[in-house]
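Engineer: All chains should be built: construct the whole structure from the sequences, respecting the hints.
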Amino acid sequence: MSGLLPHLPALIVVTPLLGGVLAPLCGKGPTKAWALATAVTWVTFALTCWLAVSVYDQGTAQYFVGTWGVGSAPGPLGAKDWTGIVGIELRVDRLNALVLCLVAGMTAVITPYARLSVAKEIPHDRLHFFYAVWLLCLTGLLGITVTGDAFNLYVLIEISSLTTYILVALGKSRDKRALTAAIRYLFMGTVGASFLLLGIGYLFMCTGTLNMAEMATRVAELRDQRGIHTAFAFVLAGLSLKMALFPVHQWLPKAYAYSPTAVSAFLASTATKVAIYGAFRFLFTVFGTEFSFGVLDANSLLIACSCIAILYGSLVAIRQSDLKRLLAYSSVAQVGYMVLGMALANREALTGTLVHMVNHALVKGAMFLAVGCMIYRLGSAKVSDLNGLGKRMPLTTVCLIVGCLGLVGVPLTGGFVSKWYLVQGALRAGLWPVAVVLLVGSLLAVLYAMRIVEPLVFGKAPEGEEVREAPPSMLLPTAALLVGSLVLGVSGSLKTGLIWTATGDLLGVGQ
Amino acid sequence: MSQPPPQEHRPGFDDADNVVLTKLAALLIPFILIYGFYVQVHGDFGPGGGFQAGVILASAYILYALVHGVRRAQRLLPRKITDVTAPLGVVIYAGVGVVTLLQGGHLLDYDVLDPQHTQHAQEWGMFLVEAGVGLTVASVMATIFNEIAEQ
Amino acid sequence: MLGSINYLIYVLLMMIGLYAAIAKHNLIKKVIGLSLFQTGIFIFYISLGVVEQGVAPISVDAPTRFANAFDHLAARDGADPEALARAREAVEEVLHPHADHADHGDSHLDVEAPETVAHALEAAGRELPADQAAALTELTRRDRLIVDGVVRPYTNPLPHVLILTAIVVSVSTLAVALAIIVWIRREFGTIEDDELTELELEVNNDAKGGEA
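Chains as they are written, first to last, in our numbering: chain A, 277 to 787; chain B, 3 to 153; chain C, 8 to 219.
Derived from the structure by calculation, the hints contain no laboratory data.
Hints are not guaranteed to be accurate.
To be verified - Under the rule of at most 27 Å between Cα atoms (straight-line distance), these lysine-lysine pairs were calculated in the DSSO-like manner:
(1) 308(A) / 82(B)
(2) 530(A) / 31(C)
(3) 452(A) / 36(C)
(4) 396(A) / 530(A)
(5) 82(B) / 396(A)
All values derive from a computational prediction rather than experimental measurement.
Structural biologist: Okay, structure coming up:
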């Protein structure tokens with residue numbers, strides 16, 4: 277078994293890929309392809325955990341795909357040959373190990389849930405394709421996280437995006453607006469990815485390499501070149517589109533609102549997180565903290581955008597009548613929190629961002645899953661449907677309430693820890709207005725959370741049909757995610773854990 | 003594909019029998035196929051490879067469908083087959099990677115397929131991978147065409 | 008100005024594409040705009056790979072490389088034809104040995120292997136003056152091609168390979184986009200963006216009406 281260890285970075289991408297192409301061969305019907313997908317996601321999760329433990333113990337894992345690792349390539353006529361990384365490198369340090377575990381873990385928990393939920397929202401003769409696309413999307417997301425090659429990153433972003441468009445469009449049998457949401461997402465996503473491609477092209481032009489670690493060393497020498505500045509602008513614009521940062525967030529609410537619910541949970545808890553990881557990788561590793569935030573002063577732009585995102589997302593969320601849209605706009609706000617921590621660029625804020633990433637994935641995933649339980653029994657999920665749900669579906673109600681607490685950031689939930697760190701980070705950076713925005717954002721979150729909690733507890737159930745509690749195979753994953761969030765909130769080992777050391781690595785400071 | 007087959011006769015879809023077109027297509031299709039296979043196996047020596055070959059091979063199918071009607075083309079190459087071959091190509095690709103892993107090398111490190119003659123190993127590895135790519139691309143192209151033609 | 012015309016074209020194409028993707032109401036036109044936008048980027052990448060006087064990076068096998076190199080050296084001023092002929096024979100001996108290896112199908116000579124090429128160069132070096140031997144080494148490198156008596160470098164193939172991948176990605180995007188548009192047409196009956204927005208609002212209002 278230990279012979280597998282050095283190959284883990286490749287295996288965690290190959291496993292879901294193979295699963296994804298085998299799923300359509302399973303034949304039609306709701307069970308077989310689902311069973312395969314569940315098995316594959318859990319195996320992948322186990323592999324990522326194993327990898328994370330090894331990375332945590334022994335430091336960064338490196339892996340070269342193909343025959344060539346470090347080699348020499350001929351220079352142009354008369355020029356010197358250069359030696360460097362020729363092949364595609366997979367590289368896992370503490371930061372990606374964390375994101376890998378998060379993505380694989382969320383998928384592993386959501387896939388068992390998907391069986392009933394998706395069977396209700398998608399035609400049965402498409403189900404095996406659904407799980408194929410589902411696993412391919414996971415392949416793309418894990419690939420983005422694991423790769424150390426900039427162009428490879430672009431290709432994998434496109435793989436995950438293309439599959440995401442399809443997953444969103446599959447929501448059409450519940451609501452045909454899923455189709456327009458998908459095509460609009462496709463337009464914006466493609467423009468974003470193209471900007472990223474262009475940025476990587478400029479980086480390649482200036483540095484002559486596609487390996488991100490090598491780029492980083494060369495960018496440090498070339499920081500005054502205009503090509504590098506252009507590359508920075510394009511990469512930042514492309515990634516902002518992908519992570520739905522404020523001015524370019526319009527695709528997100530619709531895409532989340534109309535896609536099948538399991539897909540909403542999956543996307544909310546993984547896709548934006550991976551895009552934010554990509555931003556981390558480019559801003560901190562490739563361009564370097566000093567260049568991104570010192571030479572180019574990207575932080576003032578990012579801080580402004582994320583502050584507006586927090587306020588705008590929360591305000592619009594308060595006005596929504598559809599639960600999924602409400603949660604989606606709340607996601608826009610949460611992306612703001614994460615980018616804010618990134619832009620503050622000190623250790624407390626970065627830790628806050630990473631904790632928020634994990635916590636938001638768990639909580640928002642759980643919220644969407646709970647909403648999925650409602651849709652499974654009620655057929656829709658409007659705020660008005662919540663009335664008296666406490667009596668009809670008590671367990672789902674508990675999940676929704678705990679989720680709301682987590683979103684607001686009540687003490688003992690992970691949300692409190694992350695916001696605490698973010699506020700600390702803002703104060704350490706000397707930006708007290710930002711700290712105020714964080715607090716106001718939390719107050720607004722209380723408002724939209726109240727819109728969910730209030731009818732749940734005090735609302736009167738409409739007369740008429742009996743509604744039963746959601747089946748355990750849907751409730752268990754929901755509860756599991758919330759328990760995870762609570763554990764994150766009460767565990768005191770954060771300062772020594774994976775997250776704290778990961779931020780130390782990013783900023784290049786010791787333990 | 004889930005909806006019932008259309009009742010009314012659809013010219014061009016159900017049949018097409020223009021003598022000039024069918025004769026011309028009968029002349030062209032063999033050459034397209036041979037060219038496709040040439041590009042497929044020639045990929046490791048010069049420009050070519052699975053992607054291009056797959057598209058060329060699929061274009062032969064599409065030409066046939068345009069000239070003889072989609073229905074007849076589908077009888078020739080049923081959806082059941084393309085639905086299997088499309089993922090099968092990727093399985094071949096990933097399978098080569100898994101085999102190299104099992105042989106003790108890195109993913110897609112073809113050298114370990116035949117450690118004594120790495121050049122042959124490289125050729126074999128590339129050939130198999132490109133064959134997988136070609137199979138998938140050809141099937142996917144045909145599927146896309148069918149899917150849109152059936153609307 | 009003319010040197011950077013590629014880059015001008017790429018920016019122009021990208022802008023036209025982006026304009027169409029934003030301003031056109033027809034979804035198909037938007038998709039075409041998107042494709043143009045991406046094509047602009049492809050031109051950018053392809054321009055990156057250009058090397059002045061570069062030729063297409065198609066590899067030539069070792070015997071041909073040596074033959075070309077000898078022809079080139081023979082045409083130079085101050086070449087010693089006899090020494091060159093001896094060197095040519097020595098290389099011939101290494102690359103096409105007369106020994107009966109043909110019987111063992113598996114162990115036939117690999118002319119591209121670095122050892123074989125080094126061996127051939129060594130054999131030639133014994134017959135040639137030092138400067139000619141060095142020139143031969145340089146001329147027989149795999150990444151050099153002699154065209155009409157001029158040594159020319161290969162263009163950088165990497166951007167082309169990258170862009171091949173990006174083209175495949177953009178074709179997939181196109182396919183997904185068209186598939187979704189076909190669905191939209193079936194569900195909504197239109198592919199005009201502004202009409203779609205109105206229809207979406209109607210769906211919204213219907214939902215609200217049902218609620219009330």
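Engineer: For each hint, tell me whether it holds in the structure or not.
Structural biologist: Results of checking the hints against the structure:
1. Of the pairs offered as hints, the one joining residue 308(A) and residue 82(B) holds, with about 18 Å between alpha carbons and a cut-off of 27 Å not exceeded.
2. The suggested pairing of residue 530(A) with residue 31(C) holds, with an alpha-carbon distance near 21 Å, which does not exceed 27 Å.
3. At roughly 22 Å between alpha-carbon atoms, residue 452(A) and residue 36(C) fall within 27 Å of each other, so this suggested pair holds.
4. Between residue 396(A) and residue 530(A) the alpha-carbon distance is near 20 Å, which keeps this suggested pair within the 27 Å criterion.
5. At roughly 26 Å between alpha-carbon atoms, residue 82(B) and residue 396(A) fall within 27 Å of each other, so this suggested pair holds.
Going through the hint list in order, the structure satisfies each hint without exception.
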